Amino acid sequence: MSENREALIPHIGVITDVRIDTPDIKTFRVVTPDGKKAFDHRPGQCAMLSIPGVGEAMFSITSSPTNTEFMEFSIKKCGCVTEWLHQAEAGQQITIRGPYGNPFPVDDVFAGKNLLFVAGGVGLAPLRSVINYCRHYRDRYGKIDIVYGSRSKDDLLDYKEIIEEWTRDENVNVYLTIDREQEGWDGHVGFVPNYVKELNFDTDKVAVLCGPPIMIKFTLEGLKSLGFDKTQVYTTLELRMKCGVGKCGRCNVGAKYVCKDGPVFRCDELDELPSEY
Amino acid sequence: MRKCTAANLDKLFAAIAENAALYLPVDDEKGTAQYKKWAEGTVMSNALNTAKSPKDFFFPQSEDLMKFKTQGKTIELTDIRDEKEDFVVFGVRACDVRSFDILDRVFLVDPRDSYYASRREKGVIVSLACSKPTETCFCSAFGIDATNPAGDVTAWKTEEGFFFKANTEKGEKLMASLEGLTEECTEEAVEAQKAKTAAILEKLPLADLDTDKFGGGKTAELFNDPAWAELSRSCLGCGTCTFVCPTCQCYDIKDFNTGREVIRYRCWDSCMYSEFTRMAHGNNRNSQLERFRQRFMHKLVYYPENNEGIFGCVGCGRCLAKCPISMNIVKVMKTVGGKKDE
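Those protein sequences? They're chains F and Z, same order as listed.
Counting along the first sequence from 1, when you hit position 128 you're at 128 in this note's numbering, and nothing is skipped either side.
Counting along the second sequence from 1, when you hit position 55 you're at 55 in this note's numbering, and nothing is skipped either side.
Hints may be right or wrong, so weigh each one.
Claimed, not checked - Going by beta-carbon spacing under 10 Å, a handful of chain F positions derived as facing chain Z: (1) 20; (2) 23; (3) 84; (4) 86; (5) 89; (6) 93; (7) 142; (8) 250; (9) 269; (10) 270.
These are calculated hints, taken from the structure and not from any lab test.
Given the structure is predicted, the values throughout are model-derived calculations rather than measurements.
No residue lacks a Cβ here, since even glycine has one placed at the ideal position from N, Cα and C.
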């Protein structure tokens, strides 16, 4: 944790590259002004980005910790800060502080296990960090299955990386789906939770979910019908945050603070929280 | 124990103020007690407590954190914290002294909030025992002894003058600097006052307020209690309770553009406000019922769960006095979780 550094005082960051992923999602590459990574992180952790005068908001770090050169953030345009970021060009400075929250247990619980990743829409952003971490340390994990769905083929995030890298990996299966039929798409059509059930996964694995709340809810039900226990399923939450260090009170749910006790939770842990997330 | 006669009190205040900024409760023109900086001629209030809590000394209602200057695509950041001078807060009641402990458990745990921490280091608390607790007081429900408050120095005020006992190193240092104005004395007068006040405390209407229903691990039992609906129905969501509360510590971080630079400041916020949890994809506490419940569940269940059973309320009674619709934590405690047997 930040011992010598002030928790609320950010680093200056520079956007060095802006990639257009979908009509409303861009991926921003960020380094410090001297070209380094602002700080190290673990898969699933988040960072506070801000534009002075516009606001500060929490985003999951989508790049893997194994990337030693820069951090990436896949950001959907949906509010003040994100609208502003979507206008930004390479060379723009922003502020960045973190890392915040608990990571996915990649080095203990996940070690040696088969892994199933299920993402919907921009929900792939936090999972990409874990997926690429596990791909980097491939021999530490078993089989990897990835189910990813979006509204349309144009809304699939990281499409190039998925096709050119993930699908070519040995022992990695990628299952893409879109909500409705679309010209030029010959892949699967249908909602993510149904696809997960159709794929009839074995329960010999740990599942990691991220997506809209409704997708998480029905995917969890689907997994349960396949015989998964909630203790095998992890997800990551998103609530309004200001401080990132469990003090401002905003992301408090029950006795937990999503910014420091989460954002990663095992699904049985969520059952102990009041339903306010 | 040291004693300062009433005749010497002004000299004592002057001596404290020589080395540090001295704040004490003073009546304003309307007769409301508020902490004010001491100056020659300042008269200490006789009021039971100040209208606003002393949490401002460590967690100000608004404070500047940093500023940014932007030029083209570049940003320059400067830490602009207000370096507080040494200060003494005189006359803090037992309830409010406990509130500092409650705030410490938020701001001083890793990662430590250095803005708060530096004020805590520079501040010396001289508490003042209560002799006339009133009907809105219920500190004893939370194990607070109004006759013997904590703090760096504990003070008792009797007809003979002020009695002092140092409790910490900081407190001993302060008392050492006042040796010429105080004299060693017996504890007789203080013990007599303690006994007299204890007898009043026992008979207060809220003396037997029950806290057993609350505490860590009670979420499942209390969260869905139907009583929340009725209790929260008339809540205006004005946030007055959170602003006068000595333990409410939720805050916002905001940017103010002066035209030439951007000041990033922190200010008090309230979980009673609809904006508090609103984000781009929705609001996880949409109704006033949910927001109202959050405030009380936090003080009575969530906070103790994370802090060895210590409640996030000190029984100061400010919310009882100030709520425009006369709703308060006492009504909540008497109602929620209490209908199981009916």
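| Hints not upheld, ascending by number | Per hint list: 1, 2, 3, 4, 7, 9, 10 violated.
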